[in-house]
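Number of protein chains: 2
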Amino acid sequence: MTVFLKGTEDAPAKIYRLALLDLDGVVYRGADPVEHAAEGIDRAQTLGMRMAYTTNNASRFPHVVADQLRGFGLALDDGQVITSAVVAARMLRRYLQEGARVLVIGSDHLREQIRINGMVPVDKAADQPEAVIQAWYPELSWQDLAQAAFAIENGARYFTTNKDQTLPREGGMAPGNGAMLQPVILATGKQPEDSAGKPESAMYDEARQLLAGDQKKILDIDRCLPVGDRLDTDIEAANRGGYDSMLVLTGVARTPAILTAPAKWRPTYLAEDLRGLAKSQPQPSKEADQIWHCGDQTARVDDDGHITLRALEGGGDPLHDLDAVRACACALWEYQDRGGDMDSLDLPAFVVGA
Amino acid sequence: MTVFLKGTEDAPAKIYRLALLDLDGVVYRGADPVEHAAEGIDRAQTLGMRMAYTTNNASRFPHVVADQLRGFGLALDDGQVITSAVVAARMLRRYLQEGARVLVIGSDHLREQIRINGMVPVDKAADQPEAVIQAWYPELSWQDLAQAAFAIENGARYFTTNKDQTLPREGGMAPGNGAMLQPVILATGKQPEDSAGKPESAMYDEARQLLAGDQKKILDIDRCLPVGDRLDTDIEAANRGGYDSMLVLTGVARTPAILTAPAKWRPTYLAEDLRGLAKSQPQPSKEADQIWHCGDQTARVDDDGHITLRALEGGGDPLHDLDAVRACACALWEYQDRGGDMDSLDLPAFVVGA
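Line order of the protein sequences matches chains S and W. Residue numbers for the first sequence follow the working numbering, so the first one is 1 and each next one is one higher. Residue numbers for the second sequence follow the working numbering, so the first one is 1 and each next one is one higher.
These are calculated hints, taken from the structure and not from any lab test. Treat the hints with care, since some could be wrong.
It does not matter which identical chain is used: a pair holds within one copy or between any two.
For lysine to aspartate or glutamate, the following DMTMM-like pairs were computed, each having C-alpha atoms within a straight-line distance of at most 20 Å [as the list claims (entries may be wrong)]:
#1 Lys124 to Glu139
#2 Lys124 to Glu170
#3 Lys14 to Glu272
#4 Lys286 to Asp303
The task is simple: from the sequences and hints, build the whole structure.
Shown next, in the form of structure tokens:
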């Protein structure tokens, strides 16, 4: 099914009850706040939208993450932070009996979640665990990976919190949990049976349940809006789970990746930052064959993949206008879906987002 | 080129001047000596053969390994132990200038070798190393892998001591150095430029040079005999370097893998253990189409891959006779090389070796 950007006359914060916000690249970058993030969240909350903070990172306790966010001036309860450790422990409990021993390669937070969900965290293959859960944490060592391999070779089932290949750090791109799974996979010949993090949609589904609150009424999928900076995790998870989604331009995904995204990575909305939650979204529309229109901008992609941007009267420089990105994305997605050659495109050098 | 087993009327220890012995699975298994290994080495030395001990393991100082071997009753100098760290440092020095900074992910032994070869070991990407050398050592951590990734992203060249996927340990198969390279490769998109260990033949070539002794006369390749238990490292390295080789049945490789080995993994000689160095090797010979002969045994592989073993007068049970394995290996290698289907073979259940 061909998917294009949608529009809303009301702010998304009025239409969706719950935002499922990714953290790194959306709310913070490492220790620092993302510009306009707190402001955008405040405005959205004023309009009645609730926030859940969802992260593949399984290494920090939710209260530690929440403290960081409160340091940015945000008001939130610890329970609004949903890590892949929270989701993984609930996932494991569906595969295992109460009291099952689980070899935990990961943080104290993950260990605690295993305990909260009625299982027993152990440290060594010699403890004969029924399952291994592998997560990234800063002290991860070869000894951990060896214990995981031995346990799996002895018949333990294999699970993971997430499969992120990379972990952006101050010094550069470090190996993420998905990369750290490889030594165990190569030693044992076994792949993890299931993964809790994005791009699986379980994290969004669990967040809806966990935040249902006292009324125990779970929000419908179409009242929830995943918001992220990565096409291959945040947005893919939304598409897999049947959620609308918003991509913000404050993190990993830049315009070239958006313009050439395959259907599974296409978001519902584009915003420069989280202030987009409180702003109407212009609806791109198809004006004619090959031509898309959004706000004061149009984009045309001809059969050879040649791209033409044009501002209507009153429109500013297309290369600095998010509406031009929206029009161009729709035009290029249509070009892709009709079998256009994506490898020889000469993409516009948009300068939008952080 | 089709390769078959060779024979020798004299003991290999008389024909070859230097044995290039693998360690794990050949001389020891973890902490314990391999049965008959010390006896075989003694006999070979009595016949005039010298020993070099070559290992992909870069984590222990040669004197520590030598002490272990002396504990088995073997007489040797520390310099007869050639680790992949020794070879890797010499390899690096050919790529880098004197004084080059090298980020060492590995043991103190590797660090010392870098120093001995005129380079400067450093610990962090922030030290701006020109190259990264990655090895396995017991304390290997994610922090190490992250530093390697950052340095490579900053332009450092990437090398490794070896690419062994697995590391046999008491608890099972642990991830080996080759598996621990994967997180760095996935984070950086870069493969190591060069690797010192087997199946490259550099270790054998370096051992010949290092053991040339005072006379500085390097032994010819055809006077050296690599001996190992693994087809995909020890034997492949011999074949790549143009060396004859001997496979012993005290370690990883068992008869099914030998019988079905592709040409690059076929050894020159087969022996049950290191006593084979001091024994003549019967020459397998082709008796007729599809039939091979060795000692008192014959093996036939017909066009459908059906295998028939037959003992000549005086021959014992073929399933317990290494000569039958030799005849059968040659017959099956010929079958393979004439395009026979290797997937549907019903292999004889030989019971030979440790």
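Okay, the hints, checked on the actual structure:
no.: 1; hint: Lys124 to Glu139; verdict: both (16 Å within a copy, 16 Å between copies)
no.: 2; hint: Lys124 to Glu170; verdict: between (32 Å within a copy, 13 Å between copies)
no.: 3; hint: Lys14 to Glu272; verdict: within (19 Å within a copy, 78 Å between copies)
no.: 4; hint: Lys286 to Asp303; verdict: within (16 Å within a copy, 66 Å between copies)
Checked against the numbered hints given earlier, the structure satisfies every one of them.
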